[in-house]
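Trainee: Protein chains in written order, with the working numbering: chain A, 1 to 519; chain B, 1 to 363.
Just so you know, the hints here were simulated from the structure itself, not pulled from any lab data. Ideal Cβ positions, reconstructed from N, Cα and C, are used throughout, including at glycine. Take the hints with a grain of salt, since some may be wrong.
[Unchecked claim] Only pairs whose alpha carbons sit at most 30 Å apart, straight line, appear in this in silico DSSO-like list of lysine-lysine:
id	chain 1	residue 1	chain 2	residue 2
1	A	K318	B	K245
2	A	K369	B	K7
3	B	K245	A	K322
4	B	K227	A	K369
5	B	K227	A	K398
6	B	K40	A	K216
7	B	K7	A	K21
[Stated by the list, open to error] Just the calculated beta-carbon pair ranges, DEER-fashion:
id	chain 1	residue 1	chain 2	residue 2	range
8	B	F137	A	P76	44 to 52 Å
9	A	D395	B	V6	32 to 40 Å
10	B	V122	A	S399	48 to 56 Å
11	B	V6	A	A228	36 to 44 Å
12	B	G340	A	N60	41 to 49 Å
13	A	S399	B	I22	22 to 30 Å
14	A	L377	B	F137	50 to 58 Å
15	A	R11	B	A36	50 to 58 Å
16	B	N41	A	G12	27 to 35 Å
17	B	V51	A	L20	45 to 53 Å
18	B	T222	A	A228	34 to 42 Å
19	A	S399	B	V6	20 to 28 Å
20	B	I22	A	D395	39 to 47 Å
[Unchecked claim] Partial list, computed: chain B residues near chain A (C-beta under 8 Å):
id	residue
21	A30
22	L34
23	R219
24	T220
25	T222
26	F224
27	F238
28	G240
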Amino acid sequence: MTQGRDLLEVRGLTKIFGRLKACDGIDLTIEKGEIHALLGENGAGKSTLVKMLFGSLEPNSGEILWKGEPVAVTSPSVARKLGIGMVFQHFSLFEALTAAENILLSLDRRIGVGEIAEKARELSRAYGLPLDPHALVGDLSVGERQRIEIIRCLLQEPELIILDEPTSVLTPQEAEKLFETLERLRSEGKSILYISHRLEEVKRLCDRATVLRHGKVVGHCDPRKETASSLARMMVGNEVQSVVHEPVDVSETREALLEVRGLNRQAATPFSIPLRGVSLVVHAGEVIGIAGVAGNGQGEFFEAVSGEALQAEADVVKLRGKDAGRLDISGRRLLGAAFVPEERLGHGAAPRMRLSENLLLSRFRTDAKAFLAGGRLIRAGTLAETSKRIVKEMDVRKSAEDPEAAALSGGNLQKFIVGRELDRRPSIMVVNQPTWGVDAGAAARIRQALIDLAASGSAVLVISQDLDELFEISDAIAVMHDGKLSAPIPIAEATYEKIGLLMGGADASSPASLGEEVA
Amino acid sequence: MRIELVKRQQRSALFSALSPFIALALTILAGAILFAFLGKNPATALYYYFVDPLLETWSLHELAIKSAPLILIAVGLSICFLSNNWNIGAEGQFIMGAVVGSMLPVMFPEFQYWFVLPLMLVMGIAGGAAYAAIPAFLKVRFNTNEILTSLMLVYVAQLFLDWLVRGPWRNPAGFNFPETVRFHAHAILPEILPASGRAHWGFVFALIAAVALWFILSRTLTGFEVKVMGQSPRAGRFAGFSRPKLIFFAFLLSGGLAGLAGISEVSGAMGQLRPVISPGYGFTAIIVAFLGRLNPLGIVAAGLVLGLTYLGGEAAQISLGVSDKVARVFQGMLLFFVLGCDTLIHYRVRFIGSPAQKPVEEA
Numbered sequence: 001m002t003q004g005r006d007l008l009e010v011r012g013l014t015k016i017f018g019r020l021k022a023c024d025g026i027d028l029t030i031e032k033g034e035i036h037a038l039l040g041e042n043g044a045g046k047s048t049l050v051k052m053l054f055g056s057l058e059p060n061s062g063e064i065l066w067k068g069e070p071v072a073v074t075s076p077s078v079a080r081k082l083g084i085g086m087v088f089q090h091f092s093l094f095e096a097l098t099a100a101e102n103i104l105l106s107l108d109r110r111i112g113v114g115e116i117a118e119k120a121r122e123l124s125r126a127y128g129l130p131l132d133p134h135a136l137v138g139d140l141s142v143g144e145r146q147r148i149e150i151i152r153c154l155l156q157e158p159e160l161i162i163l164d165e166p167t168s169v170l171t172p173q174e175a176e177k178l179f180e181t182l183e184r185l186r187s188e189g190k191s192i193l194y195i196s197h198r199l200e201e202v203k204r205l206c207d208r209a210t211v212l213r214h215g216k217v218v219g220h221c222d223p224r225k226e227t228a229s230s231l232a233r234m235m236v237g238n239e240v241q242s243v244v245h246e247p248v249d250v251s252e253t254r255e256a257l258l259e260v261r262g263l264n265r266q267a268a269t270p271f272s273i274p275l276r277g278v279s280l281v282v283h284a285g286e287v288i289g290i291a292g293v294a295g296n297g298q299g300e301f302f303e304a305v306s307g308e309a310l311q312a313e314a315d316v317v318k319l320r321g322k323d324a325g326r327l328d329i330s331g332r333r334l335l336g337a338a339f340v341p342e343e344r345l346g347h348g349a350a351p352r353m354r355l356s357e358n359l360l361l362s363r364f365r366t367d368a369k370a371f372l373a374g375g376r377l378i379r380a381g382t383l384a385e386t387s388k389r390i391v392k393e394m395d396v397r398k399s400a401e402d403p404e405a406a407a408l409s410g411g412n413l414q415k416f417i418v419g420r421e422l423d424r425r426p427s428i429m430v431v432n433q434p435t436w437g438v439d440a441g442a443a444a445r446i447r448q449a450l451i452d453l454a455a456s457g458s459a460v461l462v463i464s465q466d467l468d469e470l471f472e473i474s475d476a477i478a479v480m481h482d483g484k485l486s487a488p489i490p491i492a493e494a495t496y497e498k499i500g501l502l503m504g505g506a507d508a509s510s511p512a513s514l515g516e517e518v519a
Numbered sequence: 001m002r003i004e005l006v007k008r009q010q011r012s013a014l015f016s017a018l019s020p021f022i023a024l025a026l027t028i029l030a031g032a033i034l035f036a037f038l039g040k041n042p043a044t045a046l047y048y049y050f051v052d053p054l055l056e057t058w059s060l061h062e063l064a065i066k067s068a069p070l071i072l073i074a075v076g077l078s079i080c081f082l083s084n085n086w087n088i089g090a091e092g093q094f095i096m097g098a099v100v101g102s103m104l105p106v107m108f109p110e111f112q113y114w115f116v117l118p119l120m121l122v123m124g125i126a127g128g129a130a131y132a133a134i135p136a137f138l139k140v141r142f143n144t145n146e147i148l149t150s151l152m153l154v155y156v157a158q159l160f161l162d163w164l165v166r167g168p169w170r171n172p173a174g175f176n177f178p179e180t181v182r183f184h185a186h187a188i189l190p191e192i193l194p195a196s197g198r199a200h201w202g203f204v205f206a207l208i209a210a211v212a213l214w215f216i217l218s219r220t221l222t223g224f225e226v227k228v229m230g231q232s233p234r235a236g237r238f239a240g241f242s243r244p245k246l247i248f249f250a251f252l253l254s255g256g257l258a259g260l261a262g263i264s265e266v267s268g269a270m271g272q273l274r275p276v277i278s279p280g281y282g283f284t285a286i287i288v289a290f291l292g293r294l295n296p297l298g299i300v301a302a303g304l305v306l307g308l309t310y311l312g313g314e315a316a317q318i319s320l321g322v323s324d325k326v327a328r329v330f331q332g333m334l335l336f337f338v339l340g341c342d343t344l345i346h347y348r349v350r351f352i353g354s355p356a357q358k359p360v361e362e363a
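Can you build the whole structure from these sequences, using the hints too?
Mentor: Here it is as structure tokens:
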């Protein structure tokens, strides 16, 4: 009987937010001892579905069957008691506490720290998750923090483990180790629901896949029998246009537009990363990528380059040959630079302001003549026209004429923010995580726009955790690790292994020797 | 059982607009209950409180007198609150404006020219602004919490005024009453329509300030900066706006307007300094600002409503024999209901039962 093998069955699960059906009649079965992939673009309803399974959201209709019995998962603690564990994409750990203390805090039972540490050590040995239970979380790498979350989850002895985009913060080598752990868990008969949008790893790891699109299940399949492009087609619904990129030879001499020399920055808080002697030159016509695991100083570097944080010496940052280290972000924009930060809502855009007002946000100085009468009075008409032009240029989909930024989906808002800067035709463009959480179609459009900007003679610097993206658009890739930046590796010589090793902290000063080792 | 506030996915635009009216209706309802408990007929009491003061010309003038400082202070506070600067010390800035502006007629009573009054008004603005600069400086320099510093400075100002009128500034010919000399004719803010009542030009200042700030907020880069920095400071920093500059701008502007309200009140309605010159205008203006949705034009309407609670309090004291503290009760209820309505528009209440509802069999 298949009935006996189904650990979890979901029938017609529906969740409605306002007018949006985030999940629309989802059917799904997870068998005992399988790794089941949940595939879908950003906004397809994966997170909503998982939150209902884990009890953080209440479904509007539909039922959840656990081992054939209907259950009401009303809260995460109910889910845990049933035997459902979850490892979230964004960790909830206290950085000032040790790993063991963090685990202790999540348990309903009262146990001593020593006992927890012992158990954690046992689990970490059994599943190949090296971890020192007494280390302060603030000192741990992202990969290690994820291990705490996994061990914390395993301590509850779950039968179903849900992992939400677990590899988005890992180096390729760390991801491979995680896969081995998951395979061991599977061999013990545990089931895993694996959420991802990375097709290659789903093909590598998962037994079955359920694909979501616009809140609906569009198909079940065996990912091993599919190709990456056939899976992508199921996710997106049509063929994604591929990005056209002719890499330029970075060894040719061109005008240096963005120069950073010996940039040091103290850690502003105990848990931010100090920058140590970061140097980088981006020439006209180049796209330079900065790879790195999240939290290795990329955010701090972006703030320093953008002028949100000033440098002590004026010549540490040069824009188009001019010293800019002491200029604020407006001053650097006036020199022709444009910036797109990682966070869209609340950093790149003010959530409760309309698109046309958000246009003013980054351009009130550079376009003062066009947007402001007499330097102070806002010309609403010109703003509305320009914002309409950007919306058209970048194909921003929106529900109202001039909606609030928060009303747009992440991908569409990102298209607007990138378009806002491109519309100025900047000669230097610095982008942090250009397509994080953006659907495939919008991502391709943003990437192509960055390549085209470089082709027109501008310097483009892209900071990203998405290696596929960097390989797609960069002419050379440098790696940031622990506040230090490696020398850029021309794309012709760059491999995933090489970049991955640098991301993991291999000696950044000698990429050449590293290349031989890998080859 | 646990009660949780859950953020609503969508706010109702209709209820957002209706919120102040719902709050007003609930306040009146609660007021009726209050009067009933005091043994008064609620209908008559509410009539004396809210309707009677509106029926005579002279009392409309009184309404303008009471509303003027409320509106002046509240429009300034709206800039503060919109930019996320919690200036709670407008009462102190009101007093310091009055004190600094009164220096001319009190210390130099012989100095009598037509320009004394304009000079007093400017000094009043400067005094209020300078006093508001203290919490602004402390916030910028030491990151202190402006709610605490601005509030504590209120008591300093109150005691300073008390000391002045009982000490160095006491009228030598005033039979030892704690009052200054009466201001001379050139130091008096004139009435708008002397024929019909006492309302002075302070009310006109309030209307001008409200319209000017409405324009600044809705049409200029400064207003944009205020809103961006208040809503998302990080986006404001990305835009290149300076946080310290904006903190000083908000505090100096609101302090200056509170100071103008103070000197207008003293030179218009009182004609001298006394130990207590404000029935809590600076605090009531906080209610006015929120009831007016932090919109300067809305604040004009809200200022008139709150001005009416002062008048009604006096009327109720005379006609019904209840304490004039009833006015403060009404103001408090109004703020409570405004904030309550706003909270329920943004959040919904969820009752959560005890965690073990459904027994779960152990595997």
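Trainee: It remains to establish, for every hint, whether it holds in the given structure.
Mentor: Going through the hints against the structure:
1. The hinted pair formed by A/K318 and B/K245 meets the criterion: a straight-line CA distance of about 27 Å does not exceed 30 Å.
2. A distance of roughly 41 Å separates the Cα atoms of A/K369 and B/K7; the hinted pair therefore is violated under the 30 Å criterion.
3. Among the hinted pairs, B/K245 with A/K322 is consistent with the structure: their alpha-carbon atoms are about 27 Å apart, no more than 30 Å.
4. Distance check on the hinted pair: B/K227 and A/K369 sit about 22 Å apart at the alpha-carbon level, within 30 Å; holds.
5. For the suggested pair B/K227 and A/K398, the alpha carbons sit about 23 Å apart, so the restraint of at most 30 Å is met.
6. With a CA separation close to 63 Å, the supplied pair B/K40 and A/K216 exceeds the 30 Å bound.
7. At most 30 Å may separate the alpha-carbon atoms for a hinted pair to count; B/K7 and A/K21 meet this at roughly 18 Å.
8. Distance hint for B/F137 and A/P76: a CB-CB separation of about 47 Å, consistent with the stated range 44 to 52 Å.
9. Distance hint check for A/D395 and B/V6: the Cβ-Cβ separation is about 35 Å, which falls inside the suggested range of 32 to 40 Å.
10. Look at B/V122 against A/S399: about 51 Å separates their beta carbons, and that is inside 48 to 56 Å.
11. Range check, B/V6 to A/A228: Cβ separation about 40 Å, and the 36 to 44 Å hint holds.
12. Hint check: B/G340 to A/N60, Cβ distance near 28 Å, so the stated range 41 to 49 Å is violated.
13. With their beta carbons about 28 Å apart, A/S399 and B/I22 fall inside the hinted range of 22 to 30 Å.
14. The given range of 50 to 58 Å is broken by A/L377 and B/F137, whose C-beta atoms sit roughly 31 Å from each other.
15. Take A/R11 and B/A36: their Cβ atoms lie about 56 Å apart, and the range 50 to 58 Å holds.
16. Between B/N41 and A/G12 the beta carbons are some 60 Å apart, a value that contradicts the proposed interval 27 to 35 Å.
17. With their beta carbons about 48 Å apart, B/V51 and A/L20 fall inside the hinted range of 45 to 53 Å.
18. Under the hint 34 to 42 Å, the C-beta atoms of B/T222 and A/A228, about 52 Å apart, miss the expected range.
19. Between A/S399 and B/V6 the CB atoms are about 24 Å apart, so this pair conforms to the stated range of 20 to 28 Å.
20. For B/I22 and A/D395, the hinted distance range of 39 to 47 Å is satisfied, since their beta carbons lie about 42 Å from each other.
21. For B/A30, the suggested interface contact is broken, since its CB lies about 32 Å from the closest CB of chain A, more than 8 Å.
22. Interface hint at B/L34: violated, since its Cβ lies 37 Å from the closest Cβ of chain A, which is beyond the 8 Å cut-off.
23. About 6 Å separates the beta-carbon of B/R219 from the nearest beta-carbon of chain A, less than 8 Å, and the hint is met.
24. About 5 Å separates the beta-carbon of B/T220 from the nearest beta-carbon of chain A, less than 8 Å, and the hint is met.
25. For B/T222, the suggested interface contact is upheld, since its CB lies about 7 Å from the closest CB of chain A, less than 8 Å.
26. Below 8 Å, beta-carbon pairs count as interface contacts, and B/F224 has one with chain A at about 6 Å; its hint therefore holds.
27. Restraint check, B/F238 versus chain A: the minimum CB separation of about 6 Å is within 8 Å; hint holds.
28. Evaluation of the B/G240 hint against chain A yields a held restraint, the C-beta minimum of about 4 Å falling below 8 Å.
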